[in-house]
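Take the given structure of chain A and dock chain B with the ligands to it, following the hints.
Residue numbers (this note's numbering), protein chains in the order written: chain A, 1 to 229; chain B, 230 to 1059.
Hints listed in this document are in silico derivations from the structure and should not be mistaken for laboratory results. All clues given are correct.
Here are some chain A residues pointing at chain B (derived, C-beta under 7 Å):
(1) Ser50
(2) Gly54
(3) Asp80
(4) Gly87
(5) Glu114
(6) Leu115
Over the 12 Å line for every Cβ pair with chain B, so calculated as not near, a few chain A residues:
(7) Ile5
(8) Gln27
(9) Glu127
(10) Arg182
As the structure is a prediction and not an experimental result, all values here were calculated from the model. Here a beta-carbon is modelled for each residue, glycine too, at the ideal position from N, C-alpha and C.
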Amino acid sequence: MTAEIVVNTQNLHKRVMSPEGELTLLQGVDLSIAAGETVAIVGASGSGKSTLLGLLAGLDEPTEGQVSIAGQDLFALDEDGRARLRGEKVGFVFQAFQLLPNLTALENVMLPLELAGRHDARQVAEEVLQRVALAERASHYPKQLSGGEQQRVAIARAFAPHPQVLFADEPTGNLDRRTGERIIDLLFQLNAEQGTTLVLVTHDPHLAARCQRQLELDEGQLQMELEPS
Amino acid sequence: MNHFPLALRHLHREWRAGELKVLAMALIIAVASVTSVNFFTSRIHQALAGQANELLGGDLVYLSDRAIKAQRVARATELGLQSATTVEFPTMVLAGERNQLVALKAVSAGYPLRGQNRTAPRLFAADAAVTGGPAPGTVWGGSRLLTILGVDVGEKITVGNIDLKVAAVLTSEPDQSEGVLLNIAPRLLMHTDDLPDTGLIQPASRVVYRLLLAGDAEAIGQIRQEWQPGLRPGESLLDVQDARPEVRTALKRGEHFLALAALVSVLLAGAAVAMATRRFISRHLDNCAIMRCLGAEQAMISRLYLIQMAVLGLLASVVGIFVGYLAQWGLMLFLAPLAGIELPAPSLWPVALGLITGMVTLLGFAVPPILQLKNVPTLRVLRRDLGGLQANALSAYGIGILAFMVLVLFQAQNLKLAVAIVAGLLLVLLMLALVAGGLLLLLRPLRKKGGAAWRFGVVNISRRSGHSLVQMVGFGVGLMALLLLAVVRGDLLSEWENRLPADAPNRFLINIQPDQLEDVRDFLRAEGVEPPLLYPMVRARLEQINGKAIVPDELKTDRAKRLVAREFNLSWAEAVQSGNAVVSGSWWQPGDYGKAIISVEQSLAKELGLGLGDTLTYNVAGELFTAEISSLRRINWESFKANFFVVAPPGLLDKYPVNYITGFYLPAEQHAVLNRMVQQFPNIMVLDVATILNQVRDIIEQVIMAVEYVFIFTVLAGLMVMYATIHATLDERIREAAVLRTLGARRSQLLSSIMLEYTGLGLLSGLVGAIAAGAIGMVIAKQVFDLAYLPGPALWLSGMLIGAVGVGVAGTLGTRFVLNQPPLKTLRGA
Ligand SMILES: Nc1ncnc2c1ncn2[C@@H]1O[C@H](COP(=O)(O)OP(=O)(O)OP(=O)(O)O)[C@@H](O)[C@H]1O
Ligand SMILES: [Mg+2]
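Just chain A, with the same shape it has in the complex (with noise of 0.2 Å):
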């Protein structure tokens, strides 16, 4: 099966200056996702995990190498270039939830969606609040909201915008472990739904085990890819 190439890196490199002098946090990556996929990205705390994921959104900039999401080369387009093109094709979960406090569930859901300037933002999001069962929490703030249900709406506001690729940085860290199957299981059905490739950084082997394939990092390196199970 020669699927589209969905996230694809080149000598990806990624050096910071600290007070003991330069840093390197990735040396040299290259990978290759292909739609719908599902990947983890492994390894030890400190790794580079989330520096790698941070690249692959876009969210920062790399020393050296390419990234690119859907044919597109990131770092050809300028900061807002790449916002626009995160909020018409990638997705994100973090492992801190990220909602905004002043808004309703709802209203976290809408956000990417009127964003994006969609009319039809409302009934969207409360489809997909349906989907992740918490139409009736709608009107509820996140702090009202018990962990396991805010990275529920996490998980709709990600979405509901059917992005192409979705990037989840320890979605489950902040949650106990059977909380953290259902979310897991949730993000499996959707992308199953929607043909979303699903890229996730994780410590958890159990949860690594369901992904079709898992990159470990080690001191910014790619290690050997793992067979999948």
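This is chain B with the ligands only, laid out in the frame that chain A set:
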């Protein structure tokens, strides 16, 4: 894409969450304060001026040495103004064998347009206010004139070719005092209709024609605009401010002061807006990063916030204008009965100014930092430590300061004043920051002493030194406003009031002859009036400056021309009169008596371009003498004492004809003393300044009331700053308290550490605020009240006390709920 609906929805959401309330409140206060002050000043100014216009007999007077042209009257009528004319000239009148030089004034129907004459039905009977002037065929004369002529009401006086019947005794004219010191001849009032028959007006006679106008302020302004440019020599336009410097000064002071108070509240509100914005920004950093993550472009984020701010600013301004209008209306309810006249409708200008204030304050203090939000690194969603508040103070608040200057300009319409005020306030802010920074450094060593609560409190102040600095500046500015109120109310305003004590001289006796001095003293003593100081007065005309004859047309200002055109009253004295101060040169010693030297009042010297060492040549009754200026004096003209532009040492002027002048306070109920005085000393002229005195006193009183009222806004704005300041760091405090409680800190421990922290902050910022208030008070004293004020340790101590208690209590109360929340809720609430 149209972002307007989305921005509105966001605004609604933020508002619902209570994020914007402090911001909106601060704006409302700023706008309300500026609006009410301007509504108020425009209306009260018209009202007070209208009241003061009684001293002129009209709102505006056109003066000419030729007969008033009919077109002028027609134009005034066309604009809906009332008008009246007067014709004034000196002439001899007769009654039987006696004759007397009088200052004859013929008045048309309708005179006076403002104020009232007072007359008595018989010589020395009680008087009452009357409307209008004498009817055709009749005259009103003062008791002095009637006494000299030996006539009473009902008898006739010959004026030129005709006989006119005395219909009443004139006891007071509203516009009497104008130039009266130079007009020693007694007054006779008649009707203009009789004037042609008298045959007195000849081509060469020295006649002053006046056209009095009264009515709508706009029409008056229109007339001023139309006539002013075409005035030839011999013509002038006067309003009460030109005619009565005392009234002008009082009004000016009041206006300056009100404007200042409004500006201070705008600045305070600006500070509150800035504080509220700080919190807004720190709360929105994450939001912005998330929105960037969700695909929002920078320009879009900027636009979203801009629209939100613009709408918020507009709404807050409208509410502020409404509140300002209500406040002004309340003030008018207080003042209108005092003013006793109908208040003119408020103009629209304050509405515009309010709107400008609201938008400019917001644009200046909130928008620049908010627009920096778009620069938040998107990566912040993954790494929270990134992109903290890096608000560059200069770029963020530089615009605020510029904006504030624009406001000052609008308000004061005076660039110099604007720059001075802004520079002063900047200095105060800088001082606040410096002192606060220094004190924080000093606090460091204290961390190691005392109990746990003390340590935690002190550590908190110095650990978050950035925040503490902001808080101290916030509290300091707020406390400064409150203390400034105390300074102004306690010291400056009462000092201003006291300048016109209840027993300020309200009657002047003029033309006392040297041989009458003892008799007058005895008479007054016998009447129970403490005999006042009597000042010698020699009438002289200024002929030459430094040996060169004066050519009036070469003088630059109208005032200079007027000054040299009339006679000077020269006086002599051994010592500097009270209320006068030598500003350059030196006063004479006994050895200098008789020398040809003089002391000149500084504004006169400035007007005529005179300095120390210049010589003036005077003509006294045909004889010339020359004297050199040996000192310049400053005179407090507001004292209502007899004062002289030019004073000589004893011995120089004694050989010339001299008469004496004095002023003293006579209670209204002792008015009869004056009647007896006129009977016994018919040559002495009594000048009654009680009306002017009361006018000025009224103005001062009303302005003080207004200032106090307006200061309510200043205080509100000050409190708003403090509230916003407490609010600005609330989030961190909440989180911190929750963490500490989870770590096992007891409620009481946290409470006392919070109390200690705020009390300490209050103490320090109270001191800084007091120093600043004292400094500003000094500037206001000097610039507005022309007064030396020296702030003392009492102010600083009370600043510290008020700060410690006020901020301690407010801060503790404002933060206490933090402790009542279960820590879990706080920690989750992020
Ligand atoms: N801007 C920066 N400056 C200095 N060091 C950085 C910067 N960004 C990341 N690092 C360092 O780079 C390393 C990799 O960070 P990264 O957040 O990618 O790790 P991670 O694999 O996500 O770890 P974890 O599993 O704990 O989340 C860490 O040691 C981190 O401290
Ligand atoms: Mg990480």
